[in-house]
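Colleague: Taken in order, these protein sequences are the chains called A and B. Going by this note's numbering, the first residue of the first sequence is number 62, and it counts up by one from there. Going by this note's numbering, the first residue of the second sequence is number 596, and it counts up by one from there.
I should point out that these hints are in silico values taken from the structure, not numbers from a laboratory. We put the CB at the ideal spot given by N, CA and C, even for glycine. Certain hints may be false.
[As the list claims (entries may be wrong)] Result set (DSSO-like, lysine-lysine): computed pairs, CA atoms no more than 27 Å apart in a straight line:
#, chain 1, residue 1, chain 2, residue 2
1, B, 814, A, 63
2, A, 64, B, 814
3, B, 740, A, 64
4, A, 63, B, 740
5, B, 736, A, 63
[Unchecked claim] Restraint-style ranges between C-beta atoms, simulated for each label pair:
#, chain 1, residue 1, chain 2, residue 2, range
6, B, 773, A, 145, 26 to 36 Å
7, B, 613, A, 124, 49 to 59 Å
8, A, 93, B, 697, 50 to 60 Å
9, B, 741, A, 75, 23 to 33 Å
10, A, 72, B, 735, 29 to 39 Å
11, B, 731, A, 111, 24 to 34 Å
12, B, 631, A, 65, 35 to 45 Å
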Amino acid sequence: MKKSTVIVLLVLVVVISVFPLVSLGVIGSDAEFGGADGMAEGVIAEIAPDYQPWFASIYEPASGEIESLLFALQAALGAGLIGYYLGSRGGRRSEKST
Amino acid sequence: MNLFFVSAMHIMEGFLSPFWSLLWAAVSIPFVAWGLYGISGRIRNNPRLLMLLVISGAYTFVLSALKIPSVTGSCSHPTGTGLAAVLFGPGAAAVVGLVVLLFQALLLAHGGLTTLGANTFSMAIAGPFVAYGLFRLISRKNTGKRMLIAVFIAASFGDLITYVVTSLQLALAYPAANGGILASFSRFGAIFALTQVPIAIIEGILTVILFNYIYAYNKNELAELSVIDSVVVSEV
Numbered sequence: 062m063k064k065s066t067v068i069v070l071l072v073l074v075v076v077i078s079v080f081p082l083v084s085l086g087v088i089g090s091d092a093e094f095g096g097a098d099g100m101a102e103g104v105i106a107e108i109a110p111d112y113q114p115w116f117a118s119i120y121e122p123a124s125g126e127i128e129s130l131l132f133a134l135q136a137a138l139g140a141g142l143i144g145y146y147l148g149s150r151g152g153r154r155s156e157k158s159t
Numbered sequence: 596m597n598l599f600f601v602s603a604m605h606i607m608e609g610f611l612s613p614f615w616s617l618l619w620a621a622v623s624i625p626f627v628a629w630g631l632y633g634i635s636g637r638i639r640n641n642p643r644l645l646m647l648l649v650i651s652g653a654y655t656f657v658l659s660a661l662k663i664p665s666v667t668g669s670c671s672h673p674t675g676t677g678l679a680a681v682l683f684g685p686g687a688a689a690v691v692g693l694v695v696l697l698f699q700a701l702l703l704a705h706g707g708l709t710t711l712g713a714n715t716f717s718m719a720i721a722g723p724f725v726a727y728g729l730f731r732l733i734s735r736k737n738t739g740k741r742m743l744i745a746v747f748i749a750a751s752f753g754d755l756i757t758y759v760v761t762s763l764q765l766a767l768a769y770p771a772a773n774g775g776i777l778a779s780f781s782r783f784g785a786i787f788a789l790t791q792v793p794i795a796i797i798e799g800i801l802t803v804i805l806f807n808y809i810y811a812y813n814k815n816e817l818a819e820l821s822v823i824d825s826v827v828v829s830e831v
């Protein structure tokens, strides 16, 4: 795969993920972009209105900010490792070719 | 939104009755054990494979942290387990997925411990099995375009199937008074599976990009995992 193909594919990823925000905004939808599971919870409440969750999370992030911190940490850990892999392998390769 | 609302796409903590929690845990445990046994043997034979396993795990970490907006006006995230399935098979993906789900359940109140079995089954077992099967079926150890298309289809469908299974698990636990399991399934499916369509495409594309680099840098390891033919390697 050529480098240009990779770039085109990455742009495509951005377009697909931005499209819902823009298109739903244009038609004036009041979509809130909450979690799909929040919507599922609504359905559960409808089907089984008496259901009470019988177990609560042991630890909950103190706020939305802390939660996004932990999510960012999760992504950074993974991305860091992948970056290391790509960098070291790619570097080894270009060393060989020179 | 109640106390238990977290922006998660897995089944929320406490939302499966003890019966279903235990059932899905019992179903998932053998797969995870099988996966652990399989990957530990492989890595003992060839420690160089450890790097690829770590990358598969890292990839699952990144992707399951990315909550992406979808056409249904809600957000969901990819699974990332397709890569591990394509490289190492569904058993390894079960282990990798479980680690990520555990991290999210313990630290992020995302998913949950009681629903860990059900979520492991959908994201780390059912999805990866479909991904692995599709990849092997389409790629048939070919390289080039056919291999990349196989990766795309495998990762996308593995992602989509995960949420179809999630919908089914919720439908089984919450059959509608009118229409039963099927009616519930179509309601949950409309939320989870539909939201997931564009996100599955994104997962397919990202997996192809990373796989392409792994193919470029680790041909020997891919041959060892019989993802590609060893003949190709000797030519390179």
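Colleague: All hints are to be evaluated individually against the structure, with a verdict given for each.
Modeller: Evaluation of the provided hints:
1. For the hint pairing residue 814 of chain B with residue 63 of chain A, the CA-to-CA distance comes to about 17 Å; that is within 27 Å, so the pair holds.
2. Taking the CA atoms of residue 64 of chain A and residue 814 of chain B, the gap is near 19 Å; set against the 27 Å cutoff, the hint holds.
3. Between the alpha carbons of residue 740 of chain B and residue 64 of chain A the distance comes to roughly 15 Å, so the proposed pair stays at or under 27 Å and holds.
4. For the suggested pair residue 63 of chain A and residue 740 of chain B, the alpha carbons sit about 12 Å apart, so the restraint of at most 27 Å is met.
5. Simply put, residue 736 of chain B and residue 63 of chain A have alpha-carbon atoms about 21 Å apart, close enough for the 27 Å limit, and the pair holds.
6. Judged by the Cβ atoms, the range 26 to 36 Å given for residue 773 of chain B and residue 145 of chain A is violated: they are separated by roughly 54 Å.
7. Judged by the Cβ atoms, the range 49 to 59 Å given for residue 613 of chain B and residue 124 of chain A is violated: they are separated by roughly 31 Å.
8. Hint check: residue 93 of chain A to residue 697 of chain B, Cβ distance near 29 Å, so the stated range 50 to 60 Å is violated.
9. A beta carbon spacing of about 27 Å between residue 741 of chain B and residue 75 of chain A agrees with the range 23 to 33 Å that was offered as a hint.
10. Between residue 72 of chain A and residue 735 of chain B the beta carbon distance is about 31 Å. The supplied range of 29 to 39 Å therefore holds.
11. About 46 Å separates the C-beta atoms of residue 731 of chain B and residue 111 of chain A, a value inconsistent with the hinted range of 24 to 34 Å.
12. Between residue 631 of chain B and residue 65 of chain A, the C-beta spacing of about 41 Å keeps the proposed range 35 to 45 Å intact.
Figure legend: structure checked against the earlier numbered hints; hints not met, in rising order: 6, 7, 8, 11.
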